[in-house]
Amino acid sequence: MSKILKLFSGSGAISIIAIVLGLIVGAVVMLIGGYEPLLAYKSLFSQVFGNTYDFGETLREITPLILTGFAFAFAARAGLFNIGGEGQFIVGMTAASVIGIKVHGLPIYIHAPLAVIAGGLFGGIWAALVGYLKAKRGVNEVITSIMLNWIALYLANFIVRHFLLMEGKQRSEDILPTASVSFPWLSDLMDSARIHWGMLIAVLCSVFFYYFMWKTKQGFELRAVGNNPNAAQYAGMNVGRNVVKAMFISGIFAGLAGAFQILGVFHYQSIMSGSPGTGFDGIAVGLIGMNNPFGILLGALLFGTLTYGSAGMSFGAGVPPELIRIVIGSIIFFIAAQGIVRGIIKPFYFKRKKEKVL
Amino acid sequence: MKKSFKLSIVLLLALTVVLAGCGNNKNNANSGESANAGSSGNTASNVKIGLVTDVGGVNDKSFNQSAWEGLSAVEGAKTEYLQSTKADDYETNLNKFVKGGYDLTWGIGMDLGDAVGKVASENADAKLAIIDATVDQPNVKSVTFSENEGSFLVGVVAGLMTKTNKIGFVGGTEIPVIKRFEAGFQAGIQAVNPNAQLLVNYTGAFDKPDLGKTAAATFYDNGADIVFQAAGGTGTGVFNEATARVKSGQKVWVIGVDKDQSLEFGDEVTLTSMVKRVDEAVKRVSQEVIDGTFKGGSEVLGLKENGVGIADTSSKNVPADVLAKVEEYKQKIISGEITVPSEPAK
Chain C
-9 MSKILKLFSG SGAISIIAIV LGLIVGAVVM LIGGYEPLLA YKSLFSQVFG
41 NTYDFGETLR EITPLILTGF AFAFAARAGL FNIGGEGQFI VGMTAASVIG
91 IKVHGLPIYI HAPLAVIAGG LFGGIWAALV GYLKAKRGVN EVITSIMLNW
141 IALYLANFIV RHFLLMEGKQ RSEDILPTAS VSFPWLSDLM DSARIHWGML
191 IAVLCSVFFY YFMWKTKQGF ELRAVGNNPN AAQYAGMNVG RNVVKAMFIS
241 GIFAGLAGAF QILGVFHYQS IMSGSPGTGF DGIAVGLIGM NNPFGILLGA
291 LLFGTLTYGS AGMSFGAGVP PELIRIVIGS IIFFIAAQGI VRGIIKPFYF
341 KRKKEKVL
Chain G
307 MKKSFKLSIV LLLALTVVLA GCGNNKNNAN SGESANAGSS GNTASNVKIG
357 LVTDVGGVND KSFNQSAWEG LSAVEGAKTE YLQSTKADDY ETNLNKFVKG
407 GYDLTWGIGM DLGDAVGKVA SENADAKLAI IDATVDQPNV KSVTFSENEG
457 SFLVGVVAGL MTKTNKIGFV GGTEIPVIKR FEAGFQAGIQ AVNPNAQLLV
507 NYTGAFDKPD LGKTAAATFY DNGADIVFQA AGGTGTGVFN EATARVKSGQ
557 KVWVIGVDKD QSLEFGDEVT LTSMVKRVDE AVKRVSQEVI DGTFKGGSEV
607 LGLKENGVGI ADTSSKNVPA DVLAKVEEYK QKIISGEITV PSEPAK
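Those sequence lines, one after another, are chains C and G.
Its first residue numbered -9, the first sequence is counted upward by one per residue in this note's numbering.
Its first residue numbered 307, the second sequence is counted upward by one per residue in this note's numbering.
For the record, the hints were derived by calculation from the structure and aren't laboratory data.
Honestly, I wouldn't trust all of these hints.
Said to hold, decoys possible - Subject to a maximum C-alpha distance of 27 Å in a straight line, what follows is the list of computed DSSO-like cross-link-like pairs (lysine-lysine):
(1) G/Lys589 / G/Lys601
(2) G/Lys636 / G/Lys652
(3) G/Lys367 / G/Lys652
(4) C/Lys159 / G/Lys367
(5) G/Lys652 / C/Lys159
(6) C/Lys32 / C/Lys126
(7) G/Lys638 / G/Lys469
(8) G/Lys354 / G/Lys589
(9) G/Lys424 / G/Lys469
(10) C/Lys159 / G/Lys392
(11) G/Lys485 / C/Lys159
(12) G/Lys553 / G/Lys405
(13) G/Lys469 / G/Lys631
(14) C/Lys159 / G/Lys424
(15) G/Lys589 / G/Lys472
(16) C/Lys32 / G/Lys631
(17) G/Lys392 / C/Lys32
(18) G/Lys553 / C/Lys159
(19) G/Lys354 / C/Lys32
(20) G/Lys638 / G/Lys367
(21) C/Lys126 / C/Lys159
(22) C/Lys159 / G/Lys514
(23) G/Lys424 / C/Lys92
In isolation and in its complexed conformation, chain C is listed as follows (with noise of 0.2 Å):
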């Protein structure tokens, strides 16, 4: 335990005060548009905790965080900033609901997990791509990444409308109940809110990611690589095969995330004019959890709190949404621009010293 706590010194408070920063310049900015931030801010929270309905949508909206989180940071710890998080998101949903629909007389425990490692595997495969190149070829991963997540949506699109469509709608059938991953009884305790078993997954991966990571011999290889390729290599570590794997792990995270969309939200698949953004999230995410599994909890937590509080912001305080991604917006600024808060603290730590000169 007193390990997992090292992992956050430092980081965990400097996160905190960036946080908090973040909430002032938000409050200012509502004050200059005219609106109230304290009521604002307290809306926010009665939006998040004030019924059992609205605590399990909130849990709903952070569970894809969380994993689209992870499949950034495991990759950013093998040095490789993966952007494909969106695409590998979109492939696992893809995947996820032809297997709902299209495979049929399985039982419920078989259906519904085969559906959800489809999704992963696809997400793995889907991002594997991007490293196989990086490994292979040299080839930027930023750059394919971003291409693969138009390819995924344009892809996607394409599936849903030449095989899974259902008649005269834009969107896919629905998922065979097989499949589904919602949890009935939790969902009527919470006033039909769309909880699934999405979340329980989100906190094992969580457990996962720790241990591979940082407790086995392939966790140090792929942090190896992350911190000096170079030296890696001169170890005898093969960087190629780390770099493959460490952006399959990665996209298999994403790609549950897409899953368990469509199999405990959902249950069918749209035609989706635009990218959904869940994987550009993830990115923030993990930066706001400093790439750390527990980190990113307290991050997509944080994340989700605040996004789906948005809509309680502009009911109870006429905030307009595009305000609450601006507060997101302030506080990722001050957790990735760490000089600053680290200026702000620097006059509380000097006046120390010389107390202690005099």
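On the provided structure of chain C, position chain G as indicated by the hints.
What follows is chain G alone, placed relative to chain C:
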């Protein structure tokens, strides 16, 4: 760690003080749940009506905006809207109103169909209404439009006024609603000018002005002189391209959609507009709730019900004899003499 912990507590306290100060300055007028951005109307009665937009938002210059304008014009009810930023939000936003005890909750756009259906079945006591989709629930009022009939009329205008005998159509995604626009437009052109050729391009998006601009440029380069756009925000690009060409001396026109778009983009480029009276429908059904005459079910608004039509300002650019012809066809459609197809002929 200890230092930073203390520090964060200090900062938190500072925040509380700052925020409390902020709150006190402005805390005089508003109390409780009165919102300034998202609400309007007078609060004389206790009727509350909510509206949930699709991802276009209330400033889409198209039907979400039109719907909100209609709802804002309702008197005697407290009205409020929530914008959806992604598909996940539809259900929670609808529930926000339904569980908040609103007397009527609007869902705007066919994308909300499934969410409205689900929320309606879970809350049998609540009243809901939806535009552009049909939801088969006893407590839901579904309002759809015969876009093909209105498009027929602008097709007549285009067919009579084209000089090059080439006319363009820019659609958003290939969905049944937009197909109805194309079908009516095509039939209208055919009726008055069988020699005219219709060029069709579906851009695949409602929010990409750049695609609209490219599509329009291709049409105009190929000799088309009138382009009808049914593509929401993508249509803005069609107008931009036409405006640029008109400024450089070329004579091209755009036919607007949903609202009277000459008010937005100017009379120099807007020949006429196919108006879809979403605002009227929202206003009327909302009024029914206030009057207590609301009933679930579905209705289709066409020319007869004045749900679609051509913009009132059309006379600025369209000559009187063409408008007379339009009126003639309008009467024929209303009387049932002409049936406008809802699927484009191939």
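| field | Hint numbers not upheld by this structure, sorted from lowest to highest | value | Hints 3, 6, 9, 12, 15, 16, 18, 20, 21 not satisfied by this model.
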